[in-house]
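Peer 1: Those protein sequences? They're chains S, X and Y, same order as listed. Here UniProt numbering is used: the first residue of the first sequence is 1, the next is one more, and so on. Here UniProt numbering is used: the first residue of the second sequence is 1, the next is one more, and so on. Here UniProt numbering is used: the first residue of the third sequence is 1, the next is one more, and so on.
Errors might be hidden in some of the hints.
What the hints assert, rightly or not - Chain S side only, calculated, beta carbon under 7 Å to chain Y, not exhaustive:
id: 1; residue: G45
id: 2; residue: L51
id: 3; residue: S58
id: 4; residue: D61
id: 5; residue: P106
id: 6; residue: A107
id: 7; residue: I135
id: 8; residue: L162
id: 9; residue: L203
id: 10; residue: S204
id: 11; residue: L206
id: 12; residue: E227
id: 13; residue: L244
id: 14; residue: L278
id: 15; residue: F280
The hints are simulated quantities; they were obtained by calculation from the structure and are not laboratory data. Quick reminder that beta carbons are idealized off the backbone N, C-alpha and C, glycines included.
One-letter residues, chain by chain:
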Amino acid sequence: MTTALETRPAATGPTAPPGRRALALRPGTWLTWAVLAFFFVNLAGVITTVLVNSFSRSWFDSWLPHGWTSTWYSHAWHKFSLGQVLTTTIEVTLLVVVISLALAVPASYALARRSFPGKKLVTTLFVLPILVPPIAYGIPLATVLYKIHLAGTITGVVVANLVPSIPFVVFTMTPFIEQIDPRIEAAARMCGASTWTVLTRILSPLLLPGMLAAGILVLVRTFGMFELTFLTSGPTSQTLIVSLFSAVNSAGIRAPQSVDAMAVIYTGSMAVLLLIALRFVNPTQLVARASD
Amino acid sequence: MRKASQLGELRLSGVSRAYGGHLALHPLDLTIRGGEFVALLGPSGCGKTTALNCLAGLLPLTSGEITMDGRRVDTLAPEKRGFGMVFQNYALFPHLTVRANVAFGLKMRRVSKAETRRRVDDVLDLVRLREHAHKHPGQLSGGQQQRVSIARAIVMEPPLVLMDEPLSNLDAALRLSMRSEIRRIHQEFGLTTIYVTHDQEEALSLADRLVVLHAGQVSQIGTPAELYEHPADAHVAAFMGYRNLLTLDLTAVEAAEAVAEGRGLKVRGTVVGGVRPRPGDTATVAIRPEDLRVAEGDEQPIAEATAEIVEYHGRVLHVEAVTAHGDRLHLRSAGTVRPGDALRVAVDAERALVFTDADTAALDDAPTAGGVS
Amino acid sequence: MTVSAVARPAATKLALRHRLAERGVDRTLLLILPGALAVLALFCYPFLYGLQLSFQPTKGGFLGAYRAFFSDPFARKSIWSTFSLAIPASLINVGASVPISYRMRREFRGKRLLLAVLVVPITLGTVLTAEGILEFYGPAGWFNRTLHWLGLADSPVHLTMNYTGVLLSLIISGFPFSYLLTHSYLSGIHPSLEKAAATLGAGWWQRFRYVTFPLLLPGLMTTFCLSFVMAFAVFPSALMVGDPDGKTHVISIEVYQAALERFDYVQGCADAMIMTALMLAVLAALTGLRARLYSGATGGKG
Chain S
1 MTTALETRPA ATGPTAPPGR RALALRPGTW LTWAVLAFFF VNLAGVITTV
51 LVNSFSRSWF DSWLPHGWTS TWYSHAWHKF SLGQVLTTTI EVTLLVVVIS
101 LALAVPASYA LARRSFPGKK LVTTLFVLPI LVPPIAYGIP LATVLYKIHL
151 AGTITGVVVA NLVPSIPFVV FTMTPFIEQI DPRIEAAARM CGASTWTVLT
201 RILSPLLLPG MLAAGILVLV RTFGMFELTF LTSGPTSQTL IVSLFSAVNS
251 AGIRAPQSVD AMAVIYTGSM AVLLLIALRF VNPTQLVARA SD
Chain X
1 MRKASQLGEL RLSGVSRAYG GHLALHPLDL TIRGGEFVAL LGPSGCGKTT
51 ALNCLAGLLP LTSGEITMDG RRVDTLAPEK RGFGMVFQNY ALFPHLTVRA
101 NVAFGLKMRR VSKAETRRRV DDVLDLVRLR EHAHKHPGQL SGGQQQRVSI
151 ARAIVMEPPL VLMDEPLSNL DAALRLSMRS EIRRIHQEFG LTTIYVTHDQ
201 EEALSLADRL VVLHAGQVSQ IGTPAELYEH PADAHVAAFM GYRNLLTLDL
251 TAVEAAEAVA EGRGLKVRGT VVGGVRPRPG DTATVAIRPE DLRVAEGDEQ
301 PIAEATAEIV EYHGRVLHVE AVTAHGDRLH LRSAGTVRPG DALRVAVDAE
351 RALVFTDADT AALDDAPTAG GVS
Chain Y
1 MTVSAVARPA ATKLALRHRL AERGVDRTLL LILPGALAVL ALFCYPFLYG
51 LQLSFQPTKG GFLGAYRAFF SDPFARKSIW STFSLAIPAS LINVGASVPI
101 SYRMRREFRG KRLLLAVLVV PITLGTVLTA EGILEFYGPA GWFNRTLHWL
151 GLADSPVHLT MNYTGVLLSL IISGFPFSYL LTHSYLSGIH PSLEKAAATL
201 GAGWWQRFRY VTFPLLLPGL MTTFCLSFVM AFAVFPSALM VGDPDGKTHV
251 ISIEVYQAAL ERFDYVQGCA DAMIMTALML AVLAALTGLR ARLYSGATGG
301 KG
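Modelling step: build the complete structure from the supplied sequences, incorporating the hints.
Peer 2: Rendered as structure tokens:
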């Protein structure tokens with residue numbers, strides 16, 4: 001009875017009265033919405049506070065700041081040399097995306113298509129970097145990078161960020177590959193296509209959406225990856241999120257507004273990336289990763 | 001327009017395939033002549049698709065060899081064999097248009113643009129899809145997709161076309177019309193076709209010759225009429241519509257006929273197979289429902305049974321009756337029968353086939369016994 | 001028969017390659033190599049290097065660094081701090097996700113937008129969330145002002161620079177994650193199953209309790225595992241909105257301080273190994289529990 005009511009589109013045409021009655025009968029539904037609304041209000045509060053503060057002249061003990069200004073942005077831009085930081089960030093993320101796709105897509109193809117002795121072991125190898133906390137492997141990794149003089153360089157940061165990105169691409173790509181019928185490849189071979197042609201003319205176009213999705217997800221995650229970049233970067237190889245953290249935690253007097261201005265720049269870039277990402281992928285794909 | 005076949009003769013000798021220790025296809029010998037339509041028929045898991053994939057080169061052989069007009073082809077990669085293949089789920093390239101799908105093979109062989117265009121148009125006319133050439137496979141119905149798949153397989157005028165249950169994803173009405181379409185294309189294009197199916201009706205109506213497989217072994221090779229009239233063993237009989245399979249004991253054997261009895265049944269039938277049975281052997285008696293009837297007058301019945309299920313099928317009724325010992329008999333009746341009626345059931349001796357189990361057992365021991373064409 | 005006898009020598013010749021191919025070992029597997037080698041070189045090698053480094057402390061012998069961790073009450077307590085944050089946070093996140101995603105199974109207008117908004121905190125990253133929490137939940141922030149205005153609190157409630165602040169940050173960034181995962185598992189259960197249960201006379205609670213929940217449980221366990229992984233590794237927010245020298249001195253801070261503030265890499269590596277071992281132990285226990293549940297087809301996509 002209730003299922004029948006639930007599956008009906010609410011409040012359209014003649015089905016509206018039962019739909020509305022079902023809502024009215026259910027305190028649970030209202031509670032659910034209330035919890036979710038409370039969450040969203042808080043989330044909006046957290047973000048808006050930062051945004052408002054970044055435009056405020058000064059803000060103490062009042063609902064809204066006393067006066068508005070946008071000078072904190074140019075202040076932050078110069079004080080934290082954001083131009084250089086942004087360049088580094090873009091450089092690092094793009095390199096990580098390209099390299100991890102190149103290394104991981106072939107691997108995920110083989111893992112999706114073949115079952116072989118030791119497959120569980122290989123899968124575990126790829127799952128571990130996702131499960132082990134970045135701090136826990138970041139410290140030994142940073143130690144090794146110091147030893148081979150890569151710590152503090154952009155190369156070092158890229159190398160460190162590849163560790164979680166490669167497995168991430170492997171597991172994001174697997175369902176995309178599994179949904180391509182192997183018989184399509186067989187059909188191409190029967191038409192006279194060599195392995196290389198199957199790869200370039202059949203698989204690549206069919207896998208393009210998946211590679212795009214995986215690439216954008218890696219982009220977003222590398223952009224927001226704090227721990228690994230923090231442990232392996234030096235003054236010239238910081239990404240935006242690390243310099244944001246340093247700005248917050250740096251000793252001495254800091255203007256919270258200029259830190260917030262930087263945070264808004266960070267959020268803004270992230271929002272742009274996110275909007276692009278959501279054009280290509282389902283929101284649930286952003287999180288459904290190593291769900292075995 | 002009937003073109004000449006591209007192929008003289010395709011010969012499979014001792015072709016087998018094993019998975020681990022399990023022989024999915026016992027050594028198979030088969031010679032196919034150019035222009036022939038051969039169906040591989042059997043229940044699922046009988047090895048027919050394995051055989052087809054071995055032939056296509058998608059699975060390596062465990063042993064044996066395949067020669068085409070004296071040239072060995074089993075060592076070639078699938079793309080080098082030049083066969084056409086139609087897949088059960090069509091396996092069309094979803095990102096290419098119908099035209100590009102069909103032209104794919106020609107492109108791989110670097111056929112000129114003008115020539116490609118001409119040949120693709122010809123084939124699309126043949127499968128009546130010319131006006132859909134610009135569409136993507138997702139925009140077509142199942143039957144249309146299957147025709148694209150056939151067009152893609154035949155556009156290169158391959159010496160051999162392999163079809164893997166091409167009609168099993170279609171609904172009943174479409175299957176009938178596609179069946180005649182396939183036969184028409186086979187003839188018009190002068191193809192040599194190997195067709196895998198589990199549907200005996202499809203195989204009988206399409207093929208020049210049938211290969212019946214059971215558990216990876218050949219049960220019988222022959223023309224539709226040969227198989228229909230003279231099934232070599234009980235497996236083939238079961239496949240050819242002999243729904244009544246009764247395991248009974250032989251009580252008398254005389255010339256070509258034998259009498260089998262048991263559980264209140266007594267059947268006089270025709271002995272099939274080379275091995276001459278002796279009284280006391282166990283035998284399987286196979287009778288088609290359409291040959292089993294309600295006894296008339298003082299005719300000797302094979303059993304008395306109670307009608308249980310009566311289905312109306314136009315001119316005749318399909319009746320399922322149960323004997324006192326629980327054997328189920330399927331028969332046809334032109335007269336009125338109601339559930340619960342007591343029936344005396346009869347059959348002509350030449351319509352009841354007696355297979356001795358020794359015969360079937362012998363077949364199991366000798367994988368290639370029926371495999372010489 | 002004769003044919004197969006003749007063919008046998010040929011069969012033994014290609015036997016090895018053939019037998020390997022049968023088990024799935026062929027040249028396609030070479031495609032795994034680049035990715036696997038990269039993970040071996042960039043993850044396994046440094047990890048093992050760290051492991052052997054952790055056994056070479058300057059004093060205390062072979063297990064000195066580990067003994068140092070467990071004999072220091074402050075360090076030892078970081079384990080407790082970590083679990084006391086990670087377990088409640090994962091329980092709250094997963095616990096809230098179930099009823100909310102269950103209510104929101106059906107399609108409604110704006111659902112995609114809602115899901116998209118939920119992604120925001122995931123991408124905000126922990127640093128920005130922490131910064132926002134400091135200002136929003138701070139003594140002079142909007143949250144306390146609202147409480148005061150509503151008459152719910154006389155003096156500002158302390159929500160930051162303590163345990164609550166870190167918990168809040170774990171919920172803000174962790175809840176959307178659990179919700180989206182639970183949502184995708186739930187939409188993998190075909191609605192016809194519940195309809196079938198309804199036609200058999202099951203009320204909504206019975207349908208949830210006996211049909212949906214058992215099918216969802218393996219997915220929930222996975223969700224819990226992944227939420228736990230995230231909460232267990234909590235780092236920047238524990239520093240920024242927590243009380244890093246007291247209640248929220250979590251194990252990742254201990255690792256960080258040993259390695260990068262005291263520059264004792266041996267101790268840092270040892271602490272990292274302890275952290276990994278704890279984490280894997282919890283995951284192994286949860287996975288073991290999950291393996292005992294039904295995990296087959298759920299009649300839907302995915």
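Peer 1: For every hint, state whether the structure bears it out.
Peer 2: Comparing the hints with the structure gives:
Because the closest C-beta pair between G45(S) and chain Y is about 5 Å apart, less than 7 Å, the hint holds. Taken as an interface hint, L51(S) does not check out: its beta carbon lies about 9 Å from the nearest beta carbon of chain Y, beyond 7 Å. The criterion of a C-beta within 7 Å of any C-beta in chain Y is not met by S58(S), whose closest approach is roughly 12 Å, and the hint is violated. Using the Cβ-Cβ criterion of 7 Å, the hint placing D61(S) at the interface with chain Y is satisfied: the shortest such distance is roughly 5 Å.
Against a cut-off of 7 Å between C-beta atoms, the interface hint on P106(S) holds, since the closest Cβ of chain Y lies about 4 Å away. At about 3 Å, the closest approach between the beta carbon of A107(S) and any beta carbon in chain Y falls short of 7 Å, and the interface hint on this residue holds. At a threshold of 7 Å, the smallest CB-CB gap from I135(S) to chain Y is about 4 Å, leaving the interface hint in force. With 7 Å as the threshold, the beta carbon of L162(S) comes within range of chain Y, its nearest partner Cβ sitting at about 6 Å, so the hint holds.
For L203(S), the interface hint is violated, the least distance from its beta-carbon to any beta-carbon of chain Y being 12 Å, above 7 Å. Below 7 Å, beta-carbon pairs count as interface contacts, and S204(S) has none with chain Y, the closest being about 14 Å; its hint is therefore violated. Given hint, L206(S) at the interface with chain Y, is violated; its Cβ is 16 Å from that chain's nearest Cβ, farther than 7 Å. Taken as an interface hint, E227(S) checks out: its beta carbon lies about 6 Å from the nearest beta carbon of chain Y, inside 7 Å.
At its closest, the beta carbon of L244(S) sits 5 Å from a beta carbon of chain Y; the interface hint therefore holds under the 7 Å criterion. A distance limit of 7 Å between C-beta atoms decides the matter here; for L278(S) the minimum to chain Y is near 5 Å, and the interface restraint holds. Violation of the interface hint for F280(S) is found here, the shortest Cβ-Cβ separation to chain Y being roughly 13 Å, above the 7 Å cut-off.
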